[in-house]
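**Q** Below are the chains, spelled out letter by letter.
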Amino acid sequence: MVMNTKATRNLLLITALAAVSVLSACGGNDQNESAGSTNGNSADPAAEQVTLRVFSNLPDRKSGQGLAEQMVIDNYTKENPNVKIELETLAEEPFKNKLKAYMASNEALDITMVHGGAELNTLVQAGYVKELDPAGYEGETYNFLPGVYKSFTFNDKLYGLPRNSDYEVIYYNQKIFADNGVNVPATYAELLDAAKQFRDKGIEPMSVNGKDLWSFAAFFQDLVIRVSGDQSLMLDAVEQKKNFTTDESFITAAKLLGEARDAKLFQESFMTADYGASQNLFTQGKAAMWYMGSWEAGMATNESLSEDFRNNVAVLKFPVVDGGKGKDTDLLAWNGGGYSLVSSSKHPEEAKKFFDYLMQADQWAKTVWDTGAAVPAQKYELTGTESGLQKQLTDVLTGATTTAGSLGLDYGTPKFKDDGQNAFGKFFAGGSTPEELLADLQKAAESQ
Amino acid sequence: MTKSTKTILWVFFLVVALVQLFPLIWLVDFSFLSSNEFYSSSILKWPSAPQWQNYINAWVDGKFLRYFINSAFITTVTILLTVVLSLTLGYAFTRMDWKFRSVFFTIILLGIMIPIHATLLPNFAIFKALGLTDSYLGLILPYTAVSVPMGTFILTGFLRSIPKALEESAIVDGANIYRIVFQIIAPLTAPALVTVVVTTFLNCWNEFIMASTFLSKDALKTLPFSVMNFAGQYSSDYGSQFAVMVLTSIPAIVIYAIFNEQITKGVTAGAVKG
Amino acid sequence: MQKVFNNKMAIFLFVFPGILLFSLTFLVPIVLSTYYSFRDTLAPGTPSAFIGFANYTELLFHDTRFWLALRNAVLLGLGFIFIQHPIAIFFAIMLDRLGGKAEKWFRTIFFIPCVISVVVISKMWLSLLDPTFGAFNKLLDTLGLGFLKHAWLGDSSTALVTMLFILIWAGFGWGLLFYYAGLKGIPDEMYEAASLDGASGFKLQLRITVPLLSPVITVQITLAMITALKQMETVFLTTNGGPGDSTQFLAVYLYNKAFSASQYGYANAISILFIVVCLLATYLSNKLTRSDATEF
Chain F
1 MVMNTKATRN
11 LLLITALAAV
21 SVLSACGGND
31 QNESAGSTNG
41 NSADPAAEQV
51 TLRVFSNLPD
61 RKSGQGLAEQ
71 MVIDNYTKEN
81 PNVKIELETL
91 AEEPFKNKLK
101 AYMASNEALD
111 ITMVHGGAEL
121 NTLVQAGYVK
131 ELDPAGYEGE
141 TYNFLPGVYK
151 SFTFNDKLYG
161 LPRNSDYEVI
171 YYNQKIFADN
181 GVNVPATYAE
191 LLDAAKQFRD
201 KGIEPMSVNG
211 KDLWSFAAFF
221 QDLVIRVSGD
231 QSLMLDAVEQ
241 KKNFTTDESF
251 ITAAKLLGEA
261 RDAKLFQESF
271 MTADYGASQN
281 LFTQGKAAMW
291 YMGSWEAGMA
301 TNESLSEDFR
311 NNVAVLKFPV
321 VDGGKGKDTD
331 LLAWNGGGYS
341 LVSSSKHPEE
351 AKKFFDYLMQ
361 ADQWAKTVWD
371 TGAAVPAQKY
381 ELTGTESGLQ
391 KQLTDVLTGA
401 TTTAGSLGLD
411 YGTPKFKDDG
421 QNAFGKFFAG
431 GSTPEELLAD
441 LQKAAESQ
Chain D
1 MTKSTKTILW
11 VFFLVVALVQ
21 LFPLIWLVDF
31 SFLSSNEFYS
41 SSILKWPSAP
51 QWQNYINAWV
61 DGKFLRYFIN
71 SAFITTVTIL
81 LTVVLSLTLG
91 YAFTRMDWKF
101 RSVFFTIILL
111 GIMIPIHATL
121 LPNFAIFKAL
131 GLTDSYLGLI
141 LPYTAVSVPM
151 GTFILTGFLR
161 SIPKALEESA
171 IVDGANIYRI
181 VFQIIAPLTA
191 PALVTVVVTT
201 FLNCWNEFIM
211 ASTFLSKDAL
221 KTLPFSVMNF
231 AGQYSSDYGS
241 QFAVMVLTSI
251 PAIVIYAIFN
261 EQITKGVTAG
271 AVKG
Chain V
1 MQKVFNNKMA
11 IFLFVFPGIL
21 LFSLTFLVPI
31 VLSTYYSFRD
41 TLAPGTPSAF
51 IGFANYTELL
61 FHDTRFWLAL
71 RNAVLLGLGF
81 IFIQHPIAIF
91 FAIMLDRLGG
101 KAEKWFRTIF
111 FIPCVISVVV
121 ISKMWLSLLD
131 PTFGAFNKLL
141 DTLGLGFLKH
151 AWLGDSSTAL
161 VTMLFILIWA
171 GFGWGLLFYY
181 AGLKGIPDEM
191 YEAASLDGAS
201 GFKLQLRITV
211 PLLSPVITVQ
221 ITLAMITALK
231 QMETVFLTTN
241 GGPGDSTQFL
251 AVYLYNKAFS
261 ASQYGYANAI
271 SILFIVVCLL
281 ATYLSNKLTR
291 SDATEF
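For the protein sequence lines, the chains are F, D and V, in the order given. By UniProt numbering, the letter at position 387 of the first sequence is numbered 387, and the numbering carries on one by one without gaps. By UniProt numbering, the letter at position 37 of the second sequence is numbered 37, and the numbering carries on one by one without gaps. By UniProt numbering, the letter at position 66 of the third sequence is numbered 66, and the numbering carries on one by one without gaps.
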């Protein structure tokens, strides 16, 4: 009996070991293969070979920000042949989930893309990202615009650097407006009127990525700013310094939001449309407008889109509200995306070197501007070759008289974001009243 | 059955079959269109110029071959492990004589009920601690674990219907237990094993939540994941997205076409015994 | 003889690897989950405190979304049982009557959606039902039913029914295959005997076939209930629980709580209750169908 179990154990062990070695051999081969092929190009065999792991939310490497990111990576590996950058990219939503899994297991990434605000806060609490010294990023080399660290600072400590200046605008197709004799709206009432005219003609007025829900919250915040003229009202309410349900501006804004819903401002499929779907509708000329952030300047230069579209895409500031205190130069701007260094990095020094390189004003900021992919969070020079769309976007930013600094949704905890998004989902899909929306938001703010 | 009712039945089935297949036909049709043709008003559309480029994009940028090989390897090993484990477990639960038999049997069967999504995150942490994430094994082991309960369930049901006489005479001939299980019982349970193979194949081949959570290295990723990834890369190019979806579906359909008869026979012989 | 079936080493060899694997992927994670479910963890790795049953009381008594998710799962399960399975049984009987080459062809065709990856199915249906370029609304237009045009998955009043429809489309083949297999196991003499008694047509089927299929039906109903409860991928990839929670399911809710809302402790409490619900449902479904053929 005793003999038996012992023999059994040994046998099992052998079988298990055999199985593991066979399987890991298969996995191992792969890595050697890929590592070998790049190492072959290395010019300086003396320098220590380092592989940095970078995690990004930009899977499209051929256009837009993904292209810009790739160009900087290529620049760096060309200058530093001993460094190999192993890049993993996932689309936005899977990216966020995977990053949580990495955080849970303390995966040894070197650099990761992060979303400022609530998302980054969780990473900071888990100790997954490294603190940065702001002093190291002052001066000409980096040239960050003032106030851009807001969503990356927790307890007065900096944990990441923003890559863009983000602000919400309305992209619109001039040709669709002209062809249908619809005036470009300057007030909210005109916007809803335009929606009606487009609807009557069977054209989708405005495309929005309703499945992702955050655009609704941004739209609402835009309305709150236009009604109240107060950039911090929404943020204060998230922090419970103001009350969603009793403040007049919120009540008015929620009613206006309800009007947009009832006027069918958004495309028919808006609740199932993800980012790509909503963009597609607009870029294929099926929707007259698209409510989105400033990071889509690349549309004007994207060769895979029709020339007709590229020549006609333009930018509109969020319209003013009749009787509202806000001006159209009060901009809902913030710094959302950025990069952080990961604490569990196996090559902290090399990682920091690349990170600093990436964030230099003449790398990411310049590249992303030159490729027309986004508006940087750093000072950039106009080259004169900008597309019309880029110039319009710059004008919106430079003409802004006030900015918000953060999206309301990202200003609270992740739980607030989740509950808040759900409140907007209920409002748009289930037809709850403006009062119910505000009550839900208030509850979300209180229970975060 | 009269001839007329048979005809009615025929027509009825034909209509249902068309409804069943229509989404797939539509998918294939539209995978040949360019993005702007998507918005035309016709239900099916003969492409003005078939967009083979969509398939080139899918094949090259979708890294079809790489992911296909990964899927094939992971699925094959999982199936082998599942079959062996289900057979031995099933045999131990039905034929062998031991103390905690029914307790362990119940525990294993609980695996059918327990949702993998409930255990996904701790699972990831455990596999990570064992150094199994980011390897083929990191998917093969959980896939096997998820497939074994159902396999055991199917096999125990089938084994109960096989008379013990064969084994008894084998023992009289001096065969040991391993010979009995792998040389005598295994062939007898072939129909049930086919069912196990098929269900395991379909589950693993198409699984994506674990694949996307457990794997980071691009070189290891599986087919369903490529559809997800590709949708991010080509978010505004529906035609190419459809092409990668068509490509991904083809292997499973081909395998199904080949094993169609065995599957039905296997299920007929095996599953009914429940 | 008994010695062979008593062989301790063989039993160990047969059982241990399976149990070990099972423990790694199910039991240990459940223990970990239970631990986290009593803490206010934001995410694994962050500092947390013991909070007793707070997560559970919040879930059971204050969280309407949890109950909504559970209700949706039950509705989906009932949809499977009372719509999908009767259809599958009906088709199995008809197929069996049809015979010949056609029988084989139709059987093959009906099963094809079952071999398609859930990722493809989800994305495909999302596109098919898209109000702007999807074929479904165009089809309604062509049939003169334009007034029915609708954002099927985008409206909370139709989203769940649409989801059921998609899942039936995708899973119908499995039910059909199992019932068909069950029918093939019924000897022809049974029918002959019954028709001598004067039963015919539909009555014959009802009296003979359905009772004889009951072991299959029992297993299938239990599995249908579990499938409904465990529903995740299709929902996750199409509506992600929306719009407005109308297609919220436990697995999706738990996934989003753990990943998006950074309420890891809370999500683990959902996990534990989720498992309890699944086990309970299996037990009930077995009790209700009073089966002695299964041994869950």
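These are calculated hints, taken from the structure and not from any lab test. Check each hint, because a few of them may be wrong.
[Stated by the list, open to error] Distance condition first, Cα-Cα at most 27 Å in a straight line; then the derived DSSO-like pairs of lysine-lysine:
1) V:K8 x D:K99
2) D:K6 x F:K84
3) V:K138 x F:K196
4) V:K138 x F:K286
**Q** Output the indices of the hints that this structure fails to meet, ascending.
**A** 2
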